[in-house]
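Visitor: Using the sequences provided together with the hints, build the complete structure.
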Amino acid sequence: MTEMTIKEASQDQKWLLHVDGSSTAQGSGAGIVITTPQGEDLEFAIKFDFKASNNEAEYEALVIGLRMAHETGAKHLLAYSTLS
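Residue numbers for the sequence shown follow the UniProt record's numbering, beginning at 1 and rising by one.
No wet-lab data here; the hints were simulated from the structure.
Label-pair distances were calculated between CB atoms; the ranges are: (1) Gly-27 to Ser-81: 18 to 24 Å; (2) Asn-55 to Gln-26: 14 to 20 Å; (3) His-70 to Gln-26: 29 to 35 Å; (4) Leu-77 to Lys-47: 20 to 26 Å; (5) Gly-27 to Leu-78: 27 to 33 Å; (6) Gln-38 to His-70: 17 to 23 Å; (7) Lys-51 to Leu-77: 25 to 31 Å; (8) Lys-75 to Phe-50: 28 to 34 Å; (9) Gln-26 to Lys-75: 36 to 42 Å.
Pairs of lysine-lysine residues, derived as DSSO-like cross-links and limited to a Cα-Cα distance of at most 30 Å, are as follows: (10) Lys-47 to Lys-14; (11) Lys-47 to Lys-75; (12) Lys-75 to Lys-14.
We put the beta carbon where it would ideally sit given N, CA and C, even for glycine.
Guide: In structure tokens, the structure reads:
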């Protein structure tokens, strides 16, 4: 596990969360990018240990991304997903 230090942001600054989940015959996973108010991108790739549809993988990516953003101290978050 990698430890990271995030510069403190004021309470009103916006964080961005971009997620994308995918499922193929080889497995499912997600890409997550959290952008700090200072413009620093925190990029993550996750492989799931379970079968999932594209929509399920996308929902999992969103939930994981929200948890990760919360753990980094994000208070105001704009989340983006390709879910329709």
